[in-house]
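Take a look at the letters that make up each chain.
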Amino acid sequence: MNQVRKLACVVVLVVCAMSAAANWLAPAGYAKQFREAPDAPPSRQHLLGTDEVGRDRFARVLYGTRISLLLAPAAALVSTALAALVGGLAGYLGGFWLRLARGFTDLFLSLPWLFLLITVRALLPLNVSPLTSVLITFLILGLLGWAASARVLSTSADALRNSDFILQARASGLHGPRLFLIHVLPNLKPVLYAQFWISIPVFILSEANLGILGLGVAEPLPSWGSLLRELEGLISFREEPWRLVPLLLLIVVMTSFQLLLSNEEVTA
Amino acid sequence: MPQQTMLPSKLQLWKIAKRVAQKLAAIAALVLLGGLLSATLVRMAPGFDADERQLDPGLNEESQRALRQSRAGEHNILSFYASYLRGAVHGDLGTSHALGQPVQSLLRERWPVTLRVAGIGLLLAWILASMLAITACLWRLPAFEIFGTTISGAFLCIPAAVLALLSVVLNAPGYLAIALIVFPKVYRYSRNLFAKAYAMPHITAARARGLSETRILARHVLPVAGPQMIALAGITVSIALGAAIPVEALCGLPGIGQLTWQAALSRDLPLLVNLTVMVTLVTLLANSGADVMVYMLARGES
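Protein chains in written order, with this note's numbering: chain A, 1 to 268; chain B, 1001 to 1302.
Don't take each hint at face value.
Here chain B is said to cover these stretches of chain A; the calculated rule only asks that three of the stretch's residues, wherever they fall, bring their Cβ under 8 Å from a Cβ of chain B [as the list claims (entries may be wrong)]:
#1 106 to 120
#2 230 to 243
#3 251 to 259
Simulated from the structure, these hints should not be mistaken for lab results. Glycine is no exception: its CB is placed at the ideal position from the N, C-alpha and C atoms.
Using the sequences plus the hints, can you model the full thing?
Below is the structure:
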């Protein structure tokens, strides 16, 4: 691991640790309103000031980071599992199934990602509890984000299908799910890992986009999307630079993921 | 002799026509399937049957019945889709429930805005990314490399909606936000392509023989990187269309992106199905057009 990747790893770990310790670092919580101090500038009591309804911005950033960093990998896990199932199986079975899976992934990939997300999210109820909105948002990301990974996995599994060791395993009498689970799937691990890591930053950005457009996590629960939505009321950067902190944190975390990713992609 | 020279070109033309026909058939199938999928999803969505106007106490029983009847045809998804396709063949794309206007006129009003914003954005992104990528490969200065990678990396890390918001705060035009969303993807890919092309042995030989950099670029690098750049151009159309949604919604630009946003929020079935079909059609046409161009280039070379 080179120095830059080590640094990126440390940054992600520090951010994760801080968000995990949100209860101790910001005991006031993300929803408590300090009604005597709405839109307050940074102070000793409120490190990043308060939002327009008087909630501590530092607390909201910590809790929002926790939600985004916890659920984006969960969504990535769902999408990678779906991709392994659809792409891996289609590649392993080949022929008609491979063509069918590729046609289906083509259909998914022919629509712009954000267009697909917004359309499907809007079809589901919008007036739901904050916790349900979190689950809906990240479940949609997981359930819709499998197509690109499935395409990569189907190609890898297709290549494996005709490899010598699979042919030998077949000749030895190993068939069906057992052959897939014992020999094909373990050999797809590097691709699966890479697709999992690639999906995390994509889902973090997607949640942020949905949140800004009002289709993400519902208030009062914070997420990077809802925190960035505050930029809508920003008049100038010079007057209230502290409002850019969630954006800067997102850029730092995303950059760290990118630096961590490069090696995973190469390995795949 | 003349017959012998004519024969391959006719054969080539036939092969290209066959490929175009295959692509068009695939596009038609995917578009129809996309529309059906979209219509099915909307039909299955919770609260599909609810219409705000049914809560209006000012409407009498007859009006309520008329309202229910107007949406009755949408209950069976297959019959809805079949009647939609019949209408589409005759140029009738239905009426938007939320906006109360014919979908056809809405699309006619909105497409030029999106085409202009996304088109200028794409053009800017491609000019900026190609210039940066070529300069980085030509000069091979570490500082320039770091600059390009940092700038593109930073824009890759910013959500499209944030760039749209920042363009509102900074009073920048919407197409600039689209350009900045597309730019990093084009830069990173084209930078790698050019770097690979410049590293080829015949480029080193051309340099050793004293060929000018412009000539090397035009005659030896672009033909190698060109096909993949064309394929990338097809993909960036889809990226720009996706970026148009937050940019138009947040910058108040009355284009297809904003219309999609409004249709999604109001669960406007006819509009959503039409938009899905249109967007699928445009992205597939762009990708297939790029594919056919790459195929033609490859045939021309062989």
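Comparing the hints with the structure gives:
Given a C-beta distance limit of less than 8 Å, the hint that chain B covers the region 106 to 120 of chain A holds, as 11 residues qualify and 3 suffice. Counting residues of the region 230 to 243 of chain A whose CB lies closer than 8 Å to any CB of chain B gives 6, which reaches the minimum of 3, so the coverage claim holds. Interface restraint, the region 251 to 259 of chain A with chain B: holds (4 residues with C-beta to C-beta distance below 8 Å; minimum three).
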